[in-house]
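These are the residues of each chain, in order.
Number of protein chains: 2
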Amino acid sequence: MANPLNDLSRLCIHTITTKPWSLDQCIDNYTAAGIPAITVWRDVLQKHGVKESARLIRESGLRVTSLCRGGFFPGATAEDRNKSLDDNRRAIEEAAEIGAPLVVLVCGAVPGQPLEKSRDQITDGIGALLDEAEAANVKLAIEPLHPMYADDRSAINTMKQANDVAERLSHSHVGVAVDVYHLWWDEALESEIARCGENGNLLAFHVCDWHTPTRHLLTDRELMGRGCINIKEIRRWVEQAGFTGDIEVEIFSEEYWALDQNEWLKQLTEAYLNHV
Amino acid sequence: MANPLNDLSRLCIHTITTKPWSLDQCIDNYTAAGIPAITVWRDVLQKHGVKESARLIRESGLRVTSLCRGGFFPGATAEDRNKSLDDNRRAIEEAAEIGAPLVVLVCGAVPGQPLEKSRDQITDGIGALLDEAEAANVKLAIEPLHPMYADDRSAINTMKQANDVAERLSHSHVGVAVDVYHLWWDEALESEIARCGENGNLLAFHVCDWHTPTRHLLTDRELMGRGCINIKEIRRWVEQAGFTGDIEVEIFSEEYWALDQNEWLKQLTEAYLNHV
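If you read the protein sequences in the order shown, they are chains R and B. Numbering of the first sequence is given in our numbering, commencing with residue 1 and proceeding in unit increments. Numbering of the second sequence is given in our numbering, commencing with residue 1001 and proceeding in unit increments.
Calculated from the structure, these hints are not laboratory results. Beta carbons: idealized from backbone N, C-alpha and C, even for Gly. Mixed in with the good hints there might be a few duds.
As the list claims (entries may be wrong) - When the alpha-carbon atoms are kept at most 30 Å apart in a straight line, the in silico DSSO-like pairs for lysine-lysine are as follows: (1) Lys1117/B <-> Lys160/R; (2) Lys1117/B <-> Lys232/R; (3) Lys160/R <-> Lys1232/B; (4) Lys232/R <-> Lys1047/B; (5) Lys83/R <-> Lys19/R; (6) Lys1019/B <-> Lys1051/B; (7) Lys1019/B <-> Lys1232/B; (8) Lys1083/B <-> Lys117/R; (9) Lys160/R <-> Lys1047/B; (10) Lys1083/B <-> Lys1047/B; (11) Lys51/R <-> Lys232/R; (12) Lys83/R <-> Lys51/R; (13) Lys117/R <-> Lys1160/B; (14) Lys117/R <-> Lys83/R; (15) Lys1083/B <-> Lys1160/B; (16) Lys19/R <-> Lys117/R.
Claimed, not checked - Sample of chain R residues with no beta-carbon within 10 Å of chain B, all distances over it, derived: (17) Trp184; (18) Leu259; (19) Gln267.
All chains should be built: construct the whole structure from the sequences, respecting the hints.
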């Protein structure tokens, strides 16, 4: 097990975790709750626009951990793939503007296209962005997704595959985001996290838990401590691999979004201190 | 790609695929449709009892491919694990009685218990049954389940893990069942199928397809050809590994169970000839 977390100093909340709130509500309520860091989902930038959002975040004093998300590189046609690159360029610009050092990548997949081909397109797509990412001082974090999303969301489904792509690109501005929800089941997880750290590629750490029975593939994540994931053990592996950054709580849940979101935030901070 | 299937001679239907039908209805309608083989789920044995069910199947001339299912070996207490062993002993007896050469194992998992511990309990559980399985001339087939079932249904989630357990037990009456639904996403699948064949452990082959978007974790499987799984390629790997047995169609689907089941059976046989 990892050493206990005694305070909220490394806690980051993803805006999607409190989906009913707009960006200004997230900022007000996170700061009031003593949460020091925020990961911004791009949908919440729309209300105020990127520039004004950046100002609101800057003035709040919140640390921006990352921008979610870029990715979706594979496509059946070159036109599709170029469209995706343009969207990723905008994500890099938005990240730079709001002060996010990182864009998280949900890498994409095309149903029926061989996963190996999608992984090649992902590698090419990220590779095409690295100069711009470096110029903007924004890193790109490949997030392996659970194999249940291999049909249309990501052809990168294990830490090994994320490490393979990151090492193939071998660049200061590409790395990997570890999310316990996607990876906990994998017997190679500990060794692949160590490999990721050795190569200097471990850029982010996301937590939540697995609900039994899972009622929806996308929006039934569980609060830490209420599911079956060995979160503390995985945190230990991540920290042994050299990671000292923010611990990001990313929970999609119709059930919890229906709660009073301040009550939900209280449950989140308690669960963070006790079960991460 | 594999060589085309030109007739139904290797087609086996799982009774759960036509869930609205009782065993006698399955028997009547499968034989009328020219389907030569059946995999019997244990629930359909209840209507007539095992002995009478065995007589009905024998008289129908249908080949019994396997009995579904045994397993669920892990448990928090020795009492739980012994109960599970007793249930597996009954499954072996039922298989012998209905002429099934094989019991398929959904190996089990206990939410929150380390998966490695569950895999040890699975290995111990299967090991404890092998003498009885051999005496009954019934083989036990470890079916790796998709990682989305690692919480409470199986701690065996890849071909590699199934091969590991089968090789650790190294016995004439244990092997592995390959189901494309659970395994298609795994980059090690081709090499692990080859390994399974080399060790004489490839006992069964199940097909269906993956529905995008999947609306339910258990009961939204797709008909072959309507999803994203590379079924023909996986069949080629399985046959290159020496497998020549029945090809079993196992589809849980609320959508298709709502159809007229004879119409559904027609779709199944067409999809089998065109997309497997």
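* **Earlier hints that do not hold, by number** => 4, 8, 9, 11, 16, 17
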